[in-house]
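Position chain B relative to chain A; hints supplied.
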Amino acid sequence: MSRYALIVAVLVVLVLLLSILSLSAGPAGIGVLQGLSDMLHGRETIAATIIGQIRLPRMILALLVGGTLGLSGAALQGLVRNPLADPGVLGISGCGALGAVLVFYTGVSAVWAPALPLAALSGAGLATLLLLALTRGGTLVLVLAGAALGSMSAALLALTLNLVPSPYASYEIMHWLMGSLSRASLHDVLIALPGLLVGSAFLLGTGRSLDALTLGEDVAHTMGFSLRAVQWRVVIGTALAVGSGVAVAGGIGFVGLVMPHLLRPLVGARPSRLLLPSALGGAALLLAADLFVRLPVSGTELQLGVVTSLIGTPVFFWQVWRLRGRPG
Amino acid sequence: MILQTDTLSLTLQGNRLLHDITFDVRPGEVLGLIGPNGAGKSTLLRVMAGLLRPETGRVLLDGQDLFSMPPEQRGRHLAYLPQDAPSAIGMSVWDVVTLGRLPHRRTVSAEQDAAAVQQALNAVGMSAFADRSSASLSGGERARVLLARALAVEAPVLLVDEPVAALDPAQALTVMELFNRYAAQGQAVAVVLHDLALAARFCTRIAVLSEGALVSIGPPSDVLTDALFADVYGVAVRRCGEVAVPWSLVSRNRAL
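Residue numbers (this note's numbering), protein chains in the order written: chain A, 78 to 405; chain B, 311 to 566.
Excised from the complex, chain A in its bound form (with noise of 0.2 Å):
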């Protein structure tokens, strides 16, 4: 078996240790292959609607919002060429999290429920495309372009929340801004699923593209891969799975900056193998994220996006610190 197997093996492992105690974890002492079975056999018990209702789309919640978080992250460093690259570094999670809140502000989310994962999209999807036609000259502008989307985002939600009429509208949207899974349900499960697994789909697809990329833009071309269509592949599948994710978990930062950077050791620097461990790698860091905020260590549950943030940030910092004085 190739390295590369060994550690796909792994985490693939890890990642269904943690879906099994994610499913196990919570107040209520109930059998999960029962509670399964009882969901699966429609008896209408209190362990099956805790699993089916509660549980289960928690679970399958941060698999697929951790695994193509992970997943854009790495296909993004890989476009980019600049490990700092992340859905939330170049702003794209913040304009879907303006989106869903602007749709949640003007109260179209409470009498047309669609309309909030509808907008995470379309902010994260208008971000991507403005990156884009901001990109014509390469990626450095990327990255730049990015940074400004990321704090145009942050004003805009600022701003929102200073304008906020109520208390309760007010703590609504910043609960939801730190990122949650806490209250997720099978109706989260079914709005996000289309939009993570098909931008899943355009990501995985990118790996020869990103390969290429590594030898520049120019050599790429001459090799047969176009720019173009390696930037569109990654923006779009990026629009889509972090759109989504953040529908229904709100802002989940740096998942997709830690796990390239802690995988690059073990499976190489080539982007096609980042790809998929990323993306593993993810699920299991949100999984585990998701189950360390369940511990009841302290009276409130702690945010999600606040302990992903407090595990991302010094990864950040030690990848800044590593880029010093490199040219470019």
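No wet-lab data here; the hints were simulated from the structure.
Note that beta-carbon positions come from the ideal geometry of N, C-alpha and C, so glycine has one too.
Do not take every clue at face value.
Example chain A residues on the side facing chain B (calculated, C-beta under 8 Å, incomplete) [what the hints assert, rightly or not]:
no. : residue
1   : Arg120
2   : Glu121
3   : Thr122
4   : Asn159
5   : Asp288
6   : Ala289
7   : Leu292
8   : His298
9   : Thr299
10  : Met300
11  : Gly301
12  : Arg305
13  : Leu343
14  : Gly345
15  : Ala346
16  : Arg347
Chain B only, in chain A's frame:
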């Protein structure tokens, strides 16, 4: 496979970069592209590689228009090595050279890919470095690894922009001999050079560019005349055997 340019012209932002260039790179030859800084050598090579679309004129690969060829097919027919390419930082030397096999997407076996990579590494004398990280290499070693990447494509046409700029004399000679060996196998090699002594010694033919126009093309002994050095480069030369060495500046009418 023969690469032909047919009345190429290119103007970018009001600057005439290339003007009416017609020539060919034939199988079995190393064609040297020379000329002063800003003469358009790299621009011409980029057009020949399909990176820049000419305003008028065509680039033909065995008679087929380069810009209407499917990208994958073009990628297998033509390998391009720019002067200042990123070197896939962090990847192993083997992995970097393996990237050269990407144009052969699923058309050949893994064994054939590995054999091509090994052969390319041997050719540049870097096979002992296969497992090293490309980040740990010296400038010359990195240049040779990137050259191996281009060789690993096994394309019938090889376009190389100043491959010896970062190399010491021994390595520069090795690389030029390598081009001659590849040409002897029937490949067409076009190489941009600043070192006129190397061009004189190793190129089958030399094409001289000046201000975006092709001013002379032919065997080195026909092309590298004292008059050409004075007209195109603005230098007087001294002869050391076959080789002309730039010796002093000559006064010219046009500004440098």
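Here is how each hint holds up against the structure:
Nearest Cβ of chain B to the Cβ of arginine 120 of chain A: about 49 Å, over the 8 Å cut. The hint is violated. Residue-level restraint check for glutamate 121 of chain A is violated (minimum Cβ-Cβ distance to chain B is 51 Å; threshold 8 Å). At a threshold of 8 Å, the smallest CB-CB gap from threonine 122 of chain A to chain B is about 51 Å, leaving the interface hint violated. With a cut of 8 Å, the hint placing asparagine 159 of chain A at the interface with chain B is violated, because the nearest CB-to-CB distance is about 11 Å.
A hinted interface residue such as aspartate 288 of chain A counts as satisfied when its beta carbon comes closer than 8 Å to some beta carbon of chain B; here the least separation is about 6 Å, so the hint holds. For the restraint placing alanine 289 of chain A at the interface with chain B, the shortest Cβ-Cβ distance is roughly 5 Å, inside the 8 Å limit, so the hint holds. Against a cut-off of 8 Å between C-beta atoms, the interface hint on leucine 292 of chain A holds, since the closest Cβ of chain B lies about 6 Å away. For histidine 298 of chain A, the interface hint holds, the least distance from its beta-carbon to any beta-carbon of chain B being 6 Å, beneath 8 Å.
Interface hint status for threonine 299 of chain A: upheld, as the beta-carbon distance to the closest one in chain B is roughly 4 Å, under 8 Å. For the restraint placing methionine 300 of chain A at the interface with chain B, the shortest Cβ-Cβ distance is roughly 4 Å, inside the 8 Å limit, so the hint holds. Taking 8 Å as the C-beta cut-off, the interface hint given for glycine 301 of chain A holds, the closest approach to chain B being about 3 Å. At a threshold of 8 Å, the smallest CB-CB gap from arginine 305 of chain A to chain B is about 12 Å, leaving the interface hint violated.
Interface restraint check: leucine 343 of chain A against chain B, minimum CB-CB distance 13 Å, threshold 8 Å, status violated. The beta carbon of glycine 345 of chain A is positioned within 8 Å of a beta carbon in chain B (closest approach about 6 Å), and the interface hint is therefore held. For alanine 346 of chain A, the interface hint holds, the least distance from its beta-carbon to any beta-carbon of chain B being 3 Å, beneath 8 Å. Contact between arginine 347 of chain A and chain B, as hinted, is supported at the beta carbon level, the nearest pair being about 5 Å apart and thus within 8 Å.
Comparing the model with each earlier hint shows violations of hints 1, 2, 3, 4, 12, 13; every other hint is respected.
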